[in-house]
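K.L.:
These protein sequence lines are chains H and G, in that order. Oh and the first sequence: position 378 is 378 in the numbering used here, straight run, nothing missing. Oh and the second sequence: position 45 is 881 in the numbering used here, straight run, nothing missing.
Worth flagging that the hints you see were computed from the coordinates, not collected in a lab. Predicted, not measured: the structure shown is a model, and the values here were computed from it. Heads up, the beta-carbon is just placed ideally off N, CA and C, and yes, glycines get one too. Accuracy of the hints is not assured; some may be wrong.
What the hints assert, rightly or not - Some chain G residues judged to face chain H by a derived CB distance under 8 angstroms, without partners named:
#1 Arg850
#2 Leu861
#3 Asp862
#4 Ser953
#5 Leu955
#6 Pro1154
#7 Lys1200
#8 Glu1359
#9 Glu1362
#10 Phe1366
#11 Asn1368
Unchecked claim - Derived lysine-lysine pairs resembling DSBU-like cross-links, with alpha carbons at most 30 angstroms apart:
#12 H:Lys392 - G:Lys841
#13 H:Lys31 - G:Lys952
#14 G:Lys841 - H:Lys158
#15 G:Lys842 - H:Lys392
#16 H:Lys392 - G:Lys952
#17 H:Lys90 - G:Lys952
#18 H:Lys371 - G:Lys897
#19 G:Lys846 - H:Lys158
#20 H:Lys430 - G:Lys1076
#21 G:Lys846 - G:Lys1090
#22 G:Lys1008 - H:Lys334
#23 H:Lys158 - G:Lys897
#24 H:Lys383 - G:Lys841
#25 G:Lys842 - H:Lys31
#26 G:Lys1008 - H:Lys400
#27 G:Lys897 - H:Lys392
#28 H:Lys400 - G:Lys952
#29 H:Lys400 - G:Lys842
#30 G:Lys1037 - H:Lys400
#31 H:Lys371 - G:Lys1008
#32 H:Lys392 - G:Lys1037
#33 H:Lys371 - G:Lys1169
#34 H:Lys158 - G:Lys1037
#35 H:Lys399 - G:Lys952
#36 H:Lys620 - H:Lys730
#37 H:Lys343 - G:Lys841
#38 G:Lys895 - H:Lys392
#39 H:Lys399 - G:Lys1076
#40 H:Lys399 - G:Lys1037
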Amino acid sequence: MIQIPYIIVPVIALCCYSFLLIMFMAAKKSKVIYSFMALLVAFIFWSSGSLFMRLQAVPGVNFWYEVSIIGLFLLPLLLYNFVAAFIGQKGYFLRIIYSICTAAIILAIHFYLFLKHPTVEILADGQPHFIYDITWPVIFPMVFSTIVVISIIYMVVKDVKTNKMNFDRFLPILIGIIILLLGNFMDVFPVIGEFPGDTLAGIINAGFMVYALYKRRLFNLTLLVSRSTSYIVTAIFVFGIFAYGIRPFERLMVGAYPWLAAYDTLIIAVLFAGISILAFAFTKKLLDKIFVKDELAQAELLKHFSQEVSKSLNLDDILTKLVYVVQKGVNVEKIYVCLPDEKTQCFQTVHSASPLDSKTFQLSFTNPCVKWLISNNTCMVVKEFQRTIFFKALWQDEKKQLEDLDIECLVPLKCDEELAGIVMLSRKMKNRNFSFDDINFLDSVNSVGSIAIKNARLYEKAYLEARYDDLTGLLNRKYFYETITEEAQKAANNSLALLIMNIDDFKLYNQLYGNREGDMALRNIAQRIMGCVGSQGIPARYSGKEFAVILPNFDAFSTINLAENIRRQVANMTEFDESAVIRTLTMSCGICIMPYTATTVKQLIENADMAVFNAKRSGKNKVEVYSLKEPQLGMSQDLSSMKPDVYSDYASTIYALTAAIDVKDHYTFNHSQKVAEYATTLAAAISLNDEHVEIIREAALLHDIGKIGIPESILNKQGKLTDDEYKAIKKHVENSIAMIRHLPSLDYVIPAVLGHHERWDGKGYPRGIAGEDIPISARCLAIADAFDAMTTERSYKKALSIEFAQSEINNQAGRQFDPTLASVFVNLIENNQIHI
Amino acid sequence: MNFEKKLQMKQYDRLWQEYCGFLDLDVPGYMQIQNRLMMEQITLWSRSGLGQKLLRGAKPKSIEDFRAMLPLTTYSDYADVLLQKQASMLPGEPLIWIQTTWEGGKHPFKIAPYTKSMLDVYKNNVVSCFMLSTSTGKGKFDIKPDDKMLYGLAPLPYATGLLPLLLNDEIKLEFLPPVAEAEKMSFSERNKMGFELGLKKGIDLFFGVSSVANYISGSLAKSGSGGGGSFKKIFELSPKMAFRFLVAKYRCSKEGRSLRPSDLFKLKGFVCAGTDSHCYKDSLEEFWGVRPMEIAAGTESTCIGTEGWTRNGLYFFPDACFYEFIPEDEMLKNIADPGYEPKTFLMHELVTNQNYELVITVLKGGAFARYRIGDVYRCLGHEGDKDSPRIPRFAFVDRVPSIIDIAGFTRITENSIADVIKLSGLGIHDWIACKEFNGDNKPYLHMYVEMTPEALEFSAVSKRVLAEHLSIYFTYFDSDYNDLKRLLGMDPLKITILKTGTFNAYRRETGKILRHMNPSRHELVELLRFQNNDYELEYDLESAVKTN
């Protein structure tokens, strides 16, 4: 075998160039990268030609000599191209000229115009010696190369002088070129001997160029290391081992263990495979450790983050994960996440790395930082932003805020061109600058995080809109029912209080001051309720002018205290307002507590409502607790005597109305009186409180008031009613409501009047509601109404017997009537507590 | 990081973007910056004592509100607060108070507070000016640390005295003469020492008020063209300068002309400022071989505008002041009827080739809001080709007609002329004063006076006597007036005696009352035409008594 001194240097050079070329093949291409790859190809030609020529490899010295010399003379042109691309030089004139000249030189080389093929002479020590026959025309390519090098220098100097190019950035390339020239120059000195200085210089030069490209962020170093790179490196390594190791190993093995000679091929093949696998694993691990360790860690973080946030629609959860991934991936001291708030027109800090961080920071939608983030699709490094025209429009306070929080980088969370949020990062640990890789990582976090945040916010918005009242921000009616049902289930062994607050004379307030003022008052009241209740209860907007507070574990005493507190606060709401005298709002509050005075949610709500009515009727601006009392026997006989004074205000109205119906239809007048009597007896028997009983009495007196509007011919018709006539009769319920609703002081009777023709099985009218959805007062009325209808003589029918009526009520229990009430009523008949 | 450090990083593109990037803005982008900074200023100013006083308690919430609520202001509106330096009344804490003369004011000078933010913006904008002064194209500039700067400007407390201090923060330039020494010197000493140092060390940059720069340039040329003495100076010069001097001398003698500064110095940048700059630009270019770049600056307004690399008009910085413009017809209407509140327009509403009086609101915590600085600019347009700026371009026309500013050196108002006439005791019945330019395009004050018949009868009245009398009293009122003759190389005052009765005849025949300061050219021609008419002398005894 031919022994060539320092053969390892050109081998390393060739490996380096090949390795770089393969790496750059995997990189994102640009003009500069292409020109650098072309330069690498020339280096490969030069070094491989030189190496294989020295090794006198196939197809022969002449071929490899030509490859080498072509690579060498391509260098000036490709170097010029690379430098021109690196500094962004436009214009092709010189490049075309140089290309033509280079082509001519290569042609001339082929025809041996400059150098003839070297002749090989074997020296005494067995080493080959190459003798070159240099002719004088070689001066032409040398002069050409010199001109090209001068024009490169001129191009650089001119660029640096006209301030276009930062000289520092070009410095590595310049150093590389100088080293390359020095290396070639070294060969002239015999003292260096056979050492291939030019080849070594070539390796160093390539290293400097890679560094220059990296400094300009023209490629991402970690991107260059891929699986294929590992394969190639392994292949070179394994090839090297086997090229030089197989024969000695075989000799050693067969020498030591002759009996293995028969299997040597198999053993070597297995060994080859094993070493290949190990070499690949080792190379991959090594390259990963050197180049992609950080990137892998970041990729792992990103993957994990992506999986986690895709599972969640909880905004807080996503923000926590976002902050974690950024902190781990970029290693910054502080992180603040700002989300847009349409009300304040600002990006408001909503989350930070530490709960102790101030969250008062906000960026207005008009802030130039926001504008910059919208118009650029990447992170904003504050130091760089300060040098843009956008910075000029920043307010002094805004600059100070950024400075105070030590913000160094802003990451946009952009989704569909919409800025869904901003992540602000303070300085990195150890005062490091944000690197190219950091920015890439943050951009990836942005891509994943922005979608998650946008979705979570949409979900949150929809969630809030579905559950909360727009005006007051309290739970809406629908969600109030859901919540109270849930709370009732939770409070199986504890108490659950319901406080309902009704604003007194709110309609009048709206008429006096307008709906806008009214809305504002509602908002203010809601704020006060929230302030008083805090986390102890759940406030809701129960209806237009009513608020409700669900109070788990509250007893009557604490609920009354709370209600009084709210009531006082609302009454004093306008104490600092000059026009407060007329604008004062008061509230009537009703309280009911499970399990003391209600066993079901429905009862709880109804009773609390009832307490509100009582508060209203007993002078407004007060708190009433719904209470049960023992059933009072014989109350029907002397109903007027047990009637509380407070109702006397309405007695005249009720009298007027009943008198009107008496004139029109005496039967109906008598019927109403009787129904009132039966219904109140029933109500008292089921332990409804006095107020409730009185409401039922009044409802009973007024329940058929709508019949005033029905022609007497229909009312007193003998025989079966036609469909149209029946429709007219059915309409009396709506007629009654239409009349009563014009009497605000009597509106509390509406539920009973409206529901007295509803049936327990849902087949009644006008709403067709069923079971306990029908107010209890209406259920009482229904039985009393039917009983009187059966036992009274009409123009078209005779009176039925009490027994028949009793059995009919029993029969209809669970169909037309509430079975419990029907049973109680039948008992009352049996006990002679109901008299016809 | 200051400018010098950024310069060391050699990121020239980014430097250009940072300091001159405003020239790449389009009008909406420019207005966005203006509006945003104006909203900041409205917030600061409205809640300050000064703002509350002038707004009479009103609280503007938008720029439109602000313009509607606050009438245009002049220095008199601020005098009680500013002259007493009541810092607590101001929207921002002043770091320094800058002084200037108050033309026709109730006080000899006026002062303006500068906040830190204002100074930061000022500093940035001054650096932009110097970058642009050395630029020959977009993105090209040439400033280096230790460049030598010759400057012919007044020291602190005048606004120009801020320049070396601010620039020094950003880049170490060598001022000729050094700032600390210059502050102790008189105007002429400063100039003399500046030339001498310039001759020894070379000059890279030159900044001066145009008229002064012109005077300095002339002096430099004269000193360089001296006889045997100048050769002695060679031994004091650096070898490089000595060589240049000898070559220049040889070239001048061969071409038969006097030595010019351009023979000795290769200026990289030349910045000029001040009224009448347009009169001097050509001669300065001839002196130095470099077209001077004009900037717009003032005591109240700070540095507000600069020319670009094409030197064909001023561009206003978007972050120094919020600009409003009074159209010329509105301005004249207001001069005729001071009770009339003229309308103002914003940068994006201007019409090309129209003259406008500038109204500024100083941003960054400045004291002046909707303030009439008394400068008139012509909008030259805002059509930019691919490389040139798209924001409106302006030319400085002059001061407002009520002020006659000669060469940026002295400012004469109606009140000051009336005082001069009164003090002189001359029998002047009526007068008008106009700023005019001679054949060499040099400005001068032209007074058209009509003597009382008594004065003609009993006093020695000639143009010369009148001119000398008035000159003496002008000098008495304004010390700078004395330097004008020297700076301009001509008499700044020209007198024309009108035929007795001309003014009364004009009033009688036309029914118009001429304004004393800068009446329109047509009105002046009309007045002069009356001189040639025969009319009956109607002498107004009452006015004669008053003027005497």
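K.L.:
All hints are to be evaluated individually against the structure, with a verdict given for each.
P.N.:
Against the structure, the hints:
1. Arg850: Holds, because the Cβ-Cβ distance from Arg850 (chain G) to chain H comes to roughly 6 angstroms (cut-off 8 angstroms).
2. Leu861: At about 6 angstroms, which falls below the 8 angstroms cut-off, the nearest Cβ of chain H leaves the hint on Leu861 (chain G) intact, so it holds.
3. Asp862: 11 angstroms, violated
4. Ser953: 5 angstroms, holds
5. Leu955: 12 angstroms, violated
6. Pro1154: With Cβ-Cβ at 6 angstroms, under 8 angstroms, it holds.
7. Lys1200: Interface hint status for Lys1200 (chain G): holds (7 angstroms vs cutoff 8 angstroms).
8. Glu1359: 44 angstroms, violated
9. Glu1362: Nearest chain H Cβ about 49 angstroms off; hint violated.
10. Phe1366: 55 angstroms, violated
11. Asn1368: 59 angstroms, violated
12. H:Lys392 - G:Lys841: Status holds; Cα separation ~20 angstroms.
13. H:Lys31 - G:Lys952: Since the Cα atoms of Lys31 (chain H) and Lys952 (chain G) sit roughly 47 angstroms apart, the hinted pair is violated (cutoff 30 angstroms).
14. G:Lys841 - H:Lys158: 22 angstroms, holds
15. G:Lys842 - H:Lys392: 18 angstroms, holds
16. H:Lys392 - G:Lys952: 15 angstroms, holds
17. H:Lys90 - G:Lys952: Cα-Cα ~45 angstroms, so violated.
18. H:Lys371 - G:Lys897: The given pair, whose Cα atoms are some 22 angstroms apart, holds under the 30 angstroms limit.
19. G:Lys846 - H:Lys158: Measuring from Cα to Cα gives roughly 14 angstroms; hence the hint holds.
20. H:Lys430 - G:Lys1076: 50 angstroms, violated
21. G:Lys846 - G:Lys1090: Violated, at about 43 angstroms.
22. G:Lys1008 - H:Lys334: 37 angstroms, violated
23. H:Lys158 - G:Lys897: 54 angstroms, violated
24. H:Lys383 - G:Lys841: 14 angstroms, holds
25. G:Lys842 - H:Lys31: 29 angstroms, holds
26. G:Lys1008 - H:Lys400: Since the Cα atoms of Lys1008 (chain G) and Lys400 (chain H) sit roughly 28 angstroms apart, the hinted pair holds (cutoff 30 angstroms).
27. G:Lys897 - H:Lys392: Distance of about 22 angstroms is within 30 angstroms: holds.
28. H:Lys400 - G:Lys952: Given that 30 angstroms is the threshold and the Cα spacing comes to 13 angstroms, the pair holds.
29. H:Lys400 - G:Lys842: 22 angstroms, holds
30. G:Lys1037 - H:Lys400: 43 angstroms, violated
31. H:Lys371 - G:Lys1008: 35 angstroms, violated
32. H:Lys392 - G:Lys1037: Distance ~37 angstroms between Lys392 (chain H) and Lys1037 (chain G) Cα, so the pair is violated.
33. H:Lys371 - G:Lys1169: Given pair Lys371 (chain H), Lys1169 (chain G) is violated - Cα atoms ~42 angstroms apart, limit 30 angstroms.
34. H:Lys158 - G:Lys1037: 26 angstroms, holds
35. H:Lys399 - G:Lys952: 13 angstroms, holds
36. H:Lys620 - H:Lys730: Violated, at about 35 angstroms.
37. H:Lys343 - G:Lys841: 43 angstroms, violated
38. G:Lys895 - H:Lys392: 26 angstroms, holds
39. H:Lys399 - G:Lys1076: Roughly 48 angstroms between the alpha carbons, so the hint for Lys399 (chain H) and Lys1076 (chain G) is violated.
40. H:Lys399 - G:Lys1037: Violated: Lys399 (chain H) and Lys1037 (chain G) sit about 42 angstroms apart, past 30 angstroms.
In the structure shown, a violation is registered for the earlier hints numbered 3, 5, 8, 9, 10, 11, 13, 17, 20, 21, 22, 23, 30, 31, 32, 33, 36, 37, 39 and 40, in ascending order.
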